[in-house]
Amino acid sequence: FTFVLLGLLGLGDAPAQAGPPPTLTPLPKFTLKNPCGTDPNNLVRGGSFQEGPQTQYGVVAQGWTPFIYKGAAPQYQYVTNECANGDPGCSQQIYSTGTFDAGIYQTVHNLKPNAYYMFRLGYSLAAKSINGPNVRVDTIGRQVGVDPFGGTSPRSSNVLWGPEYTNGKAALNIREMSMVFAARSTSATLFLRAIAHDGT
Numbered sequence: 004f005t006f007v008l009l010g011l012l013g014l015g016d017a018p019a020q021a022g023p024p025p026t027l028t029p030l031p032k033f034t035l036k037n038p039c040g041t042d043p044n045n046l047v048r049g050g051s052f053q054e055g056p057q058t059q060y061g062v063v064a065q066g067w068t069p070f071i072y073k074g075a076a077p078q079y080q081y082v083t084n085e086c087a088n089g090d091p092g093c094s095q096q097i098y099s100t101g102t103f104d105a106g107i108y109q110t111v112h113n114l115k116p117n118a119y120y121m122f123r124l125g126y127s128l129a130a131k132s133i134n135g136p137n138v139r140v141d142t143i144g145r146q147v148g149v150d151p152f153g154g155t156s157p158r159s160s161n162v163l164w165g166p167e168y169t170n171g172k173a174a175l176n177i178r179e180m181s182m183v184f185a186a187r188s189t190s191a192t193l194f195l196r197a198i199a200h201d202g203t
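Residues in the sequence shown are numbered from 4 upward in steps of one, following the numbering used here.
Since the hints were made in silico from the structure, they are not lab data.
Treat the hints with caution; some may be incorrect.
[Unchecked claim] If you anchor each label on the Cβ, the simulated ranges turn out as follows:
no., residue 1, residue 2, range
1, Thr83, Thr169, 22 to 28 Å
2, Asn134, Arg187, 44 to 50 Å
3, Ala76, Leu163, 23 to 29 Å
4, Thr58, Pro136, 27 to 33 Å
5, Pro136, Asn170, 18 to 24 Å
6, Ser156, Gly135, 23 to 29 Å
Virtual Cβ for every residue (Gly too), placed ideally from N, Cα, C.
Work out the full structure: start from the sequences and follow the hints.
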């Protein structure tokens, strides 16, 4: 089975990274306390990935919605064997015996339009398990994206996607799993995407 585990997400105000257009203004920077998924200043609900409801694809973490970007739908499962940093939540597992391109999304609210925000996926493991222990692989991409207008379609041209990260050895605090963006409305939608390029 191929799978990706997602955990520990935080969204907070962030300063501009470089050369913002004059109409965009940074908000003061603040730091979320560990575990950031439960910090009351975190604008993301369910950032620590608590067990959520059963959906047509399986169990999805509280506050999140599954999406299929293309191809066959994988299975979603809440697991407690891959937790990080002592967070009280755990992980969203996405898996299949074949290829898939899918993930989860959440729309955050009460944003200030034209202000910068930052989010990061703190833990993102890509591994296979075929009748044995997990083995890290480079054939599963992980990717974060945001629709700064608050739309919920991952295929919208408004979605800004970060680079696809396929190095299976790294799982914690991967630079490519963070993003700074300028909100274009009072809501923005965060996408966490897993792309399995091969099957078993």
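Hint-by-hint comparison with the structure:
no.: 1; hint: Thr83 x Thr169: 22 to 28 Å; result: holds (26 Å)
no.: 2; hint: Asn134 x Arg187: 44 to 50 Å; result: holds (47 Å)
no.: 3; hint: Ala76 x Leu163: 23 to 29 Å; result: holds (25 Å)
no.: 4; hint: Thr58 x Pro136: 27 to 33 Å; result: holds (28 Å)
no.: 5; hint: Pro136 x Asn170: 18 to 24 Å; result: holds (19 Å)
no.: 6; hint: Ser156 x Gly135: 23 to 29 Å; result: violated (38 Å)
Of the numbered hints stated above, the single one contradicted by the structure is hint 6.
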